[in-house]
Every structure is written in structure tokens, then in C-alpha cells.
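S.K.: Residue numbers (the working numbering), protein chains in the order written: chain A, 1 to 281; chain B, 1 to 260.
Think of the hints as simulated: they come from the structure by calculation, not from any bench. Treat the hints with care, as some may be off.
What the hints assert, rightly or not - Below 30 Å or equal to it, Euclidean Cα-Cα: the simulated DSSO-like pairs (lysine-lysine) are:
{"#": "1", "chain 1": "B", "residue 1": "K144", "chain 2": "A", "residue 2": "K147"}
{"#": "2", "chain 1": "A", "residue 1": "K40", "chain 2": "B", "residue 2": "K31"}
{"#": "3", "chain 1": "A", "residue 1": "K147", "chain 2": "A", "residue 2": "K208"}
{"#": "4", "chain 1": "A", "residue 1": "K155", "chain 2": "B", "residue 2": "K149"}
{"#": "5", "chain 1": "A", "residue 1": "K155", "chain 2": "B", "residue 2": "K144"}
To be verified - Derived contacts from chain B toward chain A, CB cut-off under 7 Å, selection only:
{"#": "6", "residue": "A4"}
{"#": "7", "residue": "A145"}
{"#": "8", "residue": "E147"}
{"#": "9", "residue": "K149"}
{"#": "10", "residue": "M150"}
{"#": "11", "residue": "W152"}
{"#": "12", "residue": "M157"}
{"#": "13", "residue": "S160"}
{"#": "14", "residue": "P161"}
{"#": "15", "residue": "P171"}
{"#": "16", "residue": "W248"}
Predicted model, so just to flag it, every value in this text is computed and none were measured. Every residue gets a Cβ at the ideal spot worked out from N, C-alpha and C, and that includes glycine.
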Amino acid sequence: MTVVPARSSKWVRPVTSQEPASAIIEIDRVSQVFQTSARKDHVALSDISLTIEEGAFVSILGPSGCGKSTLLYIVGGFVSPTSGSAKIKGHAITGPGPDRGPVFQEFALFPWKTVLGNVIYGPRQQGVRAAEAEAQSRALIKMVGLKGYENFYPKELSGGMKQRVALARTLAYHPEVLLMDEPFGALDAHTRTRLQNDLLNIWERDRKTVLFVTHSVDEAVFLSDKVVMMSKSPGRIREVIDIDLPRPRRRSELLLDPRYQKYVVDIERMFDESDEAGPAS
Amino acid sequence: MSPAALLRRVAPVLACIGLLAVWQVASLALKNDSFPTATEAIRAIPDILGDKESLINILASLRRMALGFGVAVLISIPLGLLMGRSRGVAAFFNPLLMVIYPVPKAALMPIIMLWLGVGDVTKTLVIFLGVSLPVIYHSFEGAKAVEEKMLWSGAAMGLSPAQRLVRIVLPAALPEILTGCRTGLVLALITMITSEMIARQSGAGNILFNALDMGQYDTVFAMIIIVGAMGISLDAIFERVRARLVRWSEPQFDMPLSFS
Chain A
1 MTVVPARSSK WVRPVTSQEP ASAIIEIDRV SQVFQTSARK DHVALSDISL
51 TIEEGAFVSI LGPSGCGKST LLYIVGGFVS PTSGSAKIKG HAITGPGPDR
101 GPVFQEFALF PWKTVLGNVI YGPRQQGVRA AEAEAQSRAL IKMVGLKGYE
151 NFYPKELSGG MKQRVALART LAYHPEVLLM DEPFGALDAH TRTRLQNDLL
201 NIWERDRKTV LFVTHSVDEA VFLSDKVVMM SKSPGRIREV IDIDLPRPRR
251 RSELLLDPRY QKYVVDIERM FDESDEAGPA S
Chain B
1 MSPAALLRRV APVLACIGLL AVWQVASLAL KNDSFPTATE AIRAIPDILG
51 DKESLINILA SLRRMALGFG VAVLISIPLG LLMGRSRGVA AFFNPLLMVI
101 YPVPKAALMP IIMLWLGVGD VTKTLVIFLG VSLPVIYHSF EGAKAVEEKM
151 LWSGAAMGLS PAQRLVRIVL PAALPEILTG CRTGLVLALI TMITSEMIAR
201 QSGAGNILFN ALDMGQYDTV FAMIIIVGAM GISLDAIFER VRARLVRWSE
251 PQFDMPLSFS
């Protein structure tokens with residue numbers, strides 16, 4: 001029932017076994033087909049192969065409907081691919097697990113728990129003793145800038161604060177990979193910028209592997225070591241771009257850096273071209 | 001307390017006094033034997049509550065109601081939650097419930113009486129049936145509405161499907177479940193009285209109808225007040241408990257919909 005198209009696109013960069021040994025996530029010829037009606041199938045992802053190295057900040061960038069979130073859900077184990085496979089540290093992904101921590105655009109906090117209750121949930125589930133878990137959680141809440149809000153309920157917080165709690169809640173159970181699904185997509189521009197800065201600061205401390213889905217070119221270039229550009233209908237990888245900019249990155253410096261500007265312009269141009277050349281969707 | 005807040009607090013009391021006043025005036029104007037005044041009815045209340053026999057009857061009613069309500073809630077919440085999260089369970093139970101839902105449970109009483117007699121079992125069973133459906137329905141709707149990504153977040157933390165049902169779906173659906181329970185509580189009172197009117201052997205409904213048969217109209221109206229007060233108090237107590245349990249989900253201001 002599923003036809004996996006041959007690798008015909010000129011954009012697809014084949015991923016072969018010459019990848020370095022530090023690969024943490026390997027996505028191998030993954031396709032995802034949703035049956036939208038009795039006669040028509042929607043190919044969300046077509047023949048995606050991608051390797052993500054340990055400690056890398058990788059963004060998946062693409063227009064809405066290109067299946068980039070679906071790809072993230074497959075790595076998270078929340079969705080099973082129609083064909084192909086995904087592996088973490090060489091083990092096939094068969095379901096969700098604490099080694100991969102999701103952060104969603106919708107926050108998905110537990111509204112009946114306080115900020116502390118949300119953050120401590122993961123460690124307690126993992127069997128960390130109450131006192132220790134609480135100390136760690138309080139430290140994380142402080143780190144994401146929410147000291148003093150420990151006993152607030154999610155409904156009492158703004159969108160930006162909710163996303164900070166969601167990040168702390170996920171970091172609390174020490175996942176090896178952070179899976180961020182347009183995490184700042186629902187926030188206003190100012191809050192978004194502040195959260196990007198804070199995320200980079202936090203990330204630069206322990207350099208966890210991050211898989212970050214976004215449709216914002218600036219955001220992808222600013223944050224990432226590598227940007228995976230996707231095209232839609234069907235969702236394919238059209239280009240993988242290494243972002244060779246120094247770290248730690250400071251927004252004020254980066255915005256003036258011609259290399260940053262060139263990455264942004266080049267990527268935007270590539271998307272424009274594909275919009276014109278691509279088939280009507 | 002500001003005058004507006006004070007008014008909000010005493011509004012239900014004023015509504016009660018208003019109703020009684022209208023009753024009093026209407027009764028005096030109509031001068032009908034079967035329509036005693038409010039003061040006559042209120043004066044009959046101590047007689048009923050002071051009578052040991054009546055008190056035993058009313059307590060028996062409350063016991064059946066508590067049992068029917070309790071068992072119904074204990075069975076309906078898990079069933080509703082399972083239906084909301086499992087397509088298979090929902091597909092199995094939905095047609096059944098769709099058929100049972102609109103049938104007045106009291107209409108089933110003759111058959112149940114035929115099989116199980118006119119005692120406690122029959123009446124408790126009818127209360128159970130009356131309470132179950134709204135609780136199942138609201139639990140089902142509440143569980144269905146739980147955000148998928150909240151469950152994914154739990155799964156990533158290592159919660160098993162059963163743990164997710166108890167520790168995520170149940171609390172997330174609690175506001176909706178308790179709305180169902182509140183409806184269920186009032187329905188328990190209604191089915192309790194109805195069942196005692198049909199199977200007249202004991203209970204508050206029986207006192208009411210015996211008084212009607214004997215033409216003691218002040219007792220009839222006094223019983224209506226007692227049963228009404230029971231309903232209002234139970235609802236107010238439940239509303240207090242509910243508000244405490246789901247404080248996290250309540251909007252900051254709320255319409256005054258109860259006596260609590």
C-alpha cells in the first residue's frame with residue numbers, strides 16, 4: 001500500500017555509512033503516509049534519511065505542512081513511521097522514553113500541578129528521592145528565570161513563562177536529546193527573542209543534543225549548528241546546511257555579522273526558488 | 001466586603017424569602033384547603049423531624065441515595081475515562097448507552113420490582129441507573145478532550161498507559177467529571193423520591209404520598225420543603241468540595257450558581 005518513491009530529487013543529499021561514530025540519532029529512509037480519505041493518501045514524509053551527531057543543535061526548517069513536526073514525533077516515538085526506521089544510540093525507537101524529552105508549542109503542562117509540581121514530576125517518576133528531586137527542580141526553575149513562581153498554577157502564567165516551565169520540566173529528567181516542536185511559535189516576538197537567548201545560554205552549558213523544529217529562518221540560523229531544510233508535498237529533505245558561526249553566540253553581535261546575514265538570505269532565497277519551481281500543492 | 005459582594009452572598013437567601021412570600025400571598029388569596037400557607041407548612045416541619053418513624057424513613061432514603069450514588073460514581077468514572085481514551089471500548093458501549101440514556105429510569109421500575117421486589121435493592125438500583133449515565137457521559141467527554149501532547153509528555157517521562165489514565169487523564173478530566181457528578185447528585189435525589197413514590201414502603205417519598213392520601217396538606221408541603229432543602233444542601237456541599245478540588249482550572253471570577 002505504501003510506495004516509497006525512489007531517491008530522485010536533486011536536492012536530497014544521501015546519508016551513507018561514512019558518518020562519524022558519534023551519531024546519536026539515525027533516521028533511515030523514513031516515510032509517513034496518512035490516509036486522508038478513502039481514495040487519497042497524504043504523503044507527509046517521503047524517504048527521509050538523516051543522522052544527528054551527539055551534542056549538535058539541529059534545526060528542521062520548512063514551510064507548514066512539510067512534515068517536520070511528524071519527523072520529530074517519529075524520533076520521539078509518539079508516531080510510528082509507515083516505513084523506514086529511526087534509531088537512538090543504535091537502538092530502534094519503538095516508543096517514547098525519558099532519553100528523548102519533548103517540548104511542545106502548546107506547552108502541554110499539567111494544569112492541576114504547580115510550577116514545582118510540573119518540574120518535579122519527571123524526576124519523581126524516575127525514582128529520584130523527594131528531597132533531592134525538589135532541590136534539583138527548584139534549581140532548574142531558578143535557571144529558567146522563574147524563581148518565586150514555584151507555587152503558581154499554569155493558568156496564572158503568561159505564554160512565555162509556561163514555555164519556560166515546560167523546558168524546565170523536560171530538562172528535569174535529563175533526556176539525552178531535546179525534541180523541540182516549534183516551542184516559541186505561539187509567543188510574541190519580544191518573548192520569543194528572550195527565550196531564544198535563554199535557550200542558547202542554557203544549551204551552551206551542557207550541550208545536549210537538540211532537534212528543533214521551526215519555520216523561522218532567523219531562529220534556525222541563530223540557534224543551530226546545522227539546518228535541515230525541508231520541502232513539502234511530499235515532505236523531503238532538500239538541503240542540509242552547516243551553520244559555521246562562532247559560539248557562544250550573542251544576538252547583538254550576530255545580527256551585524258555578514259556571515260549570519262548571508263545564511264539567512266541564502267536560505268530564504270532557496271525557499272523562494274522552490275516555491276516558484278515546485279508543483280502546485 | 002463591598003455592597004456588591006454582600007448582595008451576591010445574600011442573593012440566594014433573598015430568593016428563598018421571595019419564593020416563600022409569593023407562596024404565602026398566593027395561598028392567602030386562593031383560600032384553598034389543598035394549598036396551605038408557607039407558615040403552616042413551615043410549622044409542620046418540626047413535627048416531621050421530631051417523629052422517630054419519619055426520621056428513620058428519611059435516613060433510609062438518604063442511605064439508599066448515598067449507596068446508589070457512590071457505586072454509580074465508582075463504576076462510571078473508570079468506564080467513561082476508558083471510553084474516552086479507547087476507540088474499542090467506546091465503540092462497544094456507546095450504542096448501548098445511546099439506547100439507555102433517554103429512557104426514564106423510573107419507567108424501568110415495574111420490571112425491576114417484579115424481579116427484585118420492592119425493597120432497598122430495587123430502589124438503590126434505580127438511583128444507580130439514574131446517576132450512572134451523566135457521570136459516564138461527562139467522564140467520557142472529559143477524557144476525550146485531554147490534550148494528546150500532555151499524554152505524550154507523560155509517556156516521555158516513563159508513565160505506562162495505565163499510569164497515564166490514572167495520573168494524567170483522570171486529573172485533567174476532573175473538572176468535567178465533577179460537573180457530571182453534580183448533575184448525578186441531583187438526579188440521585190430525583191430518582192430516590194420517584195422510586196419511593198412507585199414502590200411505596202418506606203422513605204421520604206412515601207411520607208409525602210401518605211400525607212397526600214390522608215389529606216394532610218401541610219405535611220405534604222413541609223415534606224416538599226424538607227426534600228428541597230436536602231437537595232440544596234447536598235448541592236452546596238458538593239459544590240464546595242468540587243471548587244476545592246479543581247481550583248487550578250477555575251477562572252478568576254465565576255457566576256454565582258450555588259449556595260456555597
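S.K.: For each hint, tell me whether it holds in the structure or not.
M.R.: For each hint, the structure was consulted:
no. : hint              : in the structure
1   : K144/B <-> K147/A : violated, 35 Å
2   : K40/A <-> K31/B   : violated, 76 Å
3   : K147/A <-> K208/A : holds, 23 Å
4   : K155/A <-> K149/B : holds, 17 Å
5   : K155/A <-> K144/B : holds, 21 Å
6   : A4                : violated, 24 Å
7   : A145              : violated, 12 Å
8   : E147              : holds, 6 Å
9   : K149              : holds, 4 Å
10  : M150              : holds, 5 Å
11  : W152              : holds, 5 Å
12  : M157              : holds, 4 Å
13  : S160              : violated, 10 Å
14  : P161              : violated, 10 Å
15  : P171              : holds, 5 Å
16  : W248              : holds, 5 Å
The structure fails hints 1, 2, 6, 7, 13 and 14 (numbered hints given earlier, in ascending order).
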